[in-house]
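Residue numbers (the numbering used here), protein chains in the order written: chain D, 2 to 420; chain L, 2 to 420.
Keep in mind the hints are simulated off the structure, nothing from the lab.
A hint or two may mislead.
Note that identical chains are pooled: a pair holds if it fits in a single copy or bridges any two copies.
Computed cross-link-like contacts, DSS-like style, restricted to lysine-lysine with a CA-CA straight-line distance of at most 25 Å [what the hints assert, rightly or not]:
id, residue 1, residue 2
1, LYS189, LYS212
2, LYS189, LYS329
3, LYS329, LYS389
4, LYS329, LYS212
5, LYS389, LYS185
6, LYS329, LYS185
Protein chains: 2
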Amino acid sequence: MRRMRGFKELVGVEDAVRIVLGRLAHRVREAEEVGLEEALGRVCGEDVEAPMDSPPFDRSSVDGYAVRAEDTFGASPNNPIELRIVGEIAPGDSPSTTPRIGRGEAAVILTGAPLPWGANAVVMAEDSERRGDIVEVHRQVRPLQNVSRRGEDYRRGEVVVRRGTRIRPWHIAALASLNIPRVKVVRKPLVGVLSTGGELIEVGGRLESGKVVNSSKPMLKSLLREEGAEPIDLGTVPDDLEEIRGRVREAIGGVDALIITGGTSVGERDLVPEAVESLGEILVHGLMIRPGRPTGVGIVDGKPVFMLSGFPVAALVGFDALVRPTLKAMMDACEEPRPRVRGRLTRRVTTPPGTRSYMRVRVVRRGGETLVEPLMLTGSGLLSTLTKANGILIIPEDMEGFDEGERVEVELLREIEGG
Amino acid sequence: MRRMRGFKELVGVEDAVRIVLGRLAHRVREAEEVGLEEALGRVCGEDVEAPMDSPPFDRSSVDGYAVRAEDTFGASPNNPIELRIVGEIAPGDSPSTTPRIGRGEAAVILTGAPLPWGANAVVMAEDSERRGDIVEVHRQVRPLQNVSRRGEDYRRGEVVVRRGTRIRPWHIAALASLNIPRVKVVRKPLVGVLSTGGELIEVGGRLESGKVVNSSKPMLKSLLREEGAEPIDLGTVPDDLEEIRGRVREAIGGVDALIITGGTSVGERDLVPEAVESLGEILVHGLMIRPGRPTGVGIVDGKPVFMLSGFPVAALVGFDALVRPTLKAMMDACEEPRPRVRGRLTRRVTTPPGTRSYMRVRVVRRGGETLVEPLMLTGSGLLSTLTKANGILIIPEDMEGFDEGERVEVELLREIEGG
Numbered sequence: 002m003r004r005m006r007g008f009k010e011l012v013g014v015e016d017a018v019r020i021v022l023g024r025l026a027h028r029v030r031e032a033e034e035v036g037l038e039e040a041l042g043r044v045c046g047e048d049v050e051a052p053m054d055s056p057p058f059d060r061s062s063v064d065g066y067a068v069r070a071e072d073t074f075g076a077s078p079n080n081p082i083e084l085r086i087v088g089e090i091a092p093g094d095s096p097s098t099t100p101r102i103g104r105g106e107a108a109v110i111l112t113g114a115p116l117p118w119g120a121n122a123v124v125m126a127e128d129s130e131r132r133g134d135i136v137e138v139h140r141q142v143r144p145l146q147n148v149s150r151r152g153e154d155y156r157r158g159e160v161v162v163r164r165g166t167r168i169r170p171w172h173i174a175a176l177a178s179l180n181i182p183r184v185k186v187v188r189k190p191l192v193g194v195l196s197t198g199g200e201l202i203e204v205g206g207r208l209e210s211g212k213v214v215n216s217s218k219p220m221l222k223s224l225l226r227e228e229g230a231e232p233i234d235l236g237t238v239p240d241d242l243e244e245i246r247g248r249v250r251e252a253i254g255g256v257d258a259l260i261i262t263g264g265t266s267v268g269e270r271d272l273v274p275e276a277v278e279s280l281g282e283i284l285v286h287g288l289m290i291r292p293g294r295p296t297g298v299g300i301v302d303g304k305p306v307f308m309l310s311g312f313p314v315a316a317l318v319g320f321d322a323l324v325r326p327t328l329k330a331m332m333d334a335c336e337e338p339r340p341r342v343r344g345r346l347t348r349r350v351t352t353p354p355g356t357r358s359y360m361r362v363r364v365v366r367r368g369g370e371t372l373v374e375p376l377m378l379t380g381s382g383l384l385s386t387l388t389k390a391n392g393i394l395i396i397p398e399d400m401e402g403f404d405e406g407e408r409v410e411v412e413l414l415r416e417i418e419g420g
Numbered sequence: 002m003r004r005m006r007g008f009k010e011l012v013g014v015e016d017a018v019r020i021v022l023g024r025l026a027h028r029v030r031e032a033e034e035v036g037l038e039e040a041l042g043r044v045c046g047e048d049v050e051a052p053m054d055s056p057p058f059d060r061s062s063v064d065g066y067a068v069r070a071e072d073t074f075g076a077s078p079n080n081p082i083e084l085r086i087v088g089e090i091a092p093g094d095s096p097s098t099t100p101r102i103g104r105g106e107a108a109v110i111l112t113g114a115p116l117p118w119g120a121n122a123v124v125m126a127e128d129s130e131r132r133g134d135i136v137e138v139h140r141q142v143r144p145l146q147n148v149s150r151r152g153e154d155y156r157r158g159e160v161v162v163r164r165g166t167r168i169r170p171w172h173i174a175a176l177a178s179l180n181i182p183r184v185k186v187v188r189k190p191l192v193g194v195l196s197t198g199g200e201l202i203e204v205g206g207r208l209e210s211g212k213v214v215n216s217s218k219p220m221l222k223s224l225l226r227e228e229g230a231e232p233i234d235l236g237t238v239p240d241d242l243e244e245i246r247g248r249v250r251e252a253i254g255g256v257d258a259l260i261i262t263g264g265t266s267v268g269e270r271d272l273v274p275e276a277v278e279s280l281g282e283i284l285v286h287g288l289m290i291r292p293g294r295p296t297g298v299g300i301v302d303g304k305p306v307f308m309l310s311g312f313p314v315a316a317l318v319g320f321d322a323l324v325r326p327t328l329k330a331m332m333d334a335c336e337e338p339r340p341r342v343r344g345r346l347t348r349r350v351t352t353p354p355g356t357r358s359y360m361r362v363r364v365v366r367r368g369g370e371t372l373v374e375p376l377m378l379t380g381s382g383l384l385s386t387l388t389k390a391n392g393i394l395i396i397p398e399d400m401e402g403f404d405e406g407e408r409v410e411v412e413l414l415r416e417i418e419g420g
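Please put together the full structure from these sequences, using the hints given.
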């Protein structure tokens, strides 16, 4: 065995991210303009300012009667106040053509319709009774009650969606309400995914004895798609230094970042770090995480080259710890940490000191309590721990574990089970 | 004002969903087969069983030496045990061609390589030292240590992904690892979105005085896309009974469900319930939610017709409360409730009794504590409360609010701010 030694120095996750971000020359900041609905899920590429006040005029927020609030003071079911109806206002009517409301007068008004001149409040239909041209008001209103003020939602010039925000349906509604039909979004980063390992076959291929299906590549491509990046499948190369070097050199010009899986450890076939070093520089090799210790990052032509484990669970942990934050920073996108819940640990868990462990757990609600059950199987190749888990319990570097019954915080991968 | 009256009877959210599901004749259960990577985000249409054991053979989970565990008992740095190296095994080697390990023997083995005959454990490289054909073992291993057992991840016939699961990257990895290249997914439901209201213009149109941009339609289309449905834009009709009826009758045959916004309340221009009733049946009209009280559901040709408020925030609440669970049930998809967090309320909140209120809040972490700050603006048209909020505090029907300082549970819309 030519080389079988430990990592020179293991680096903590936060340090690794800081090191990479500090050295990154290449960024993905160019924005492209797209139609509003196409912007869903993309990263906003500009601070979008409101071009006008919204609502653009004072309007009623209920169906009822536009009135002068002073005229209703003291009104009650036993002491109704009568007002004379002088008009009707519907949504879509121009504020400039509404009737003028004088003392003792009211106008029928529908939700969303402009508040007429003279009126300063709206009596809800349920708090009144109409008799011909007269409305009996049964409850007093204060000034501005049931009125949406001009600019109450957004004032002209106010930032509606910040650069770096991932655009969700409510952002689309807000931009639409301000009549903004197109928006600039950051272009999707192109990320190459290259697998190494002579034992790998592509899914659906002939699974000869001893061969292994490459499950990390389709997973990483899916993770990149969920992240808003565009994966470029660079195939698989055997554990051969020249072939790995050649493929990286060939690919790096056409991508914003590169992920290489497998061959990142310190065994004799682990040639990826050597290949990357020969083309650029290794920034980090060996992370204080479990699983995923062989994870590393280099820089080639100013672009990050991530070296992830070939084992899918370790590759996922490496992606979360290193690839995701780096891509976000390259796009200047806001962080989107996973939601977390606290719960009581059902079993003691331990990890080696100085290592951040990502433990797959099941979070369940039982009898009104949130319980965190560590999954027994923790091998880095065990996908079942991921498909059965709904959360990740992170044990930080400075702890060796948690006791049974301790309250711990879990990152949720998906919904909590039970009720 | 022809009709301006209250709702006959307000219905609770759970009851409404139960009523709708109980009456739904139309379902979306047909599955279509897609390539594995295309299945991302889709609802799995079958219970996918493992066609083989995974891993398909016992393999090493580390780089090191395959040994008979018994031979290492008592080994320590001060008392190393010497074994004779009889071969090397790499990932991809066939299990049937590996060397046979006898007493006092070992084989070099790399991570993922098949465990050779005779061996039952692997000594990690770090716990050994090689001298030519001899390896000194410095730490004993127990049987099966550092070995991934055949079938340890998935046993043949075990269900890997259940019908109704939304397929995420780790499911794709699990299916790939079992060499499953295609998977059946439930087809995307087609959902028509029709807006009513003469005051509405489409985003980007000319915003004349008194007109309002239709912000609910692009939001609902985006929500449907996020949910895995295919929205069909049916445009906007004025508040005219015959036009609404005509558009619903024309559209219902080509969709799996219909959403109509606006005109769902009890004012004179609220003609949608009448139109739906004339073509089918109203199941629910008037929900005990705030905002979103005018929300309703009818059935036309066995398909659900959702009547949502024209105001975007109320439309969103109605979508969450009614449309999402109904679509999931139509597809037989598993529930995906939003993640929740508990935090301390920074200000008292109150709501009318008998109403489920959806209050938009900001969840922040400050000084190690999770705080829930209710947003002041709560109008159903106020989109800024949604773009500024990161969570929804639900006040149930049987409560009138929460006190300042009380611990409350919040549904997270996105990440928690602060550290």
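Consistency of the hints with the structure:
1. LYS189 with LYS212: Close neither inside one copy (34 Å) nor across copies (36 Å); limit 25 Å.
2. LYS189 with LYS329: Classified as within: same-chain Cα gap 11 Å, cross-chain 30 Å, threshold 25 Å.
3. LYS329 with LYS389: between (28 Å within a copy, 21 Å between copies)
4. LYS329 with LYS212: neither (35 Å within a copy, 39 Å between copies)
5. LYS389 with LYS185: between (39 Å within a copy, 20 Å between copies)
6. LYS329 with LYS185: Cα proximity of LYS329 and LYS185: one copy only (17 Å, versus 33 Å across).
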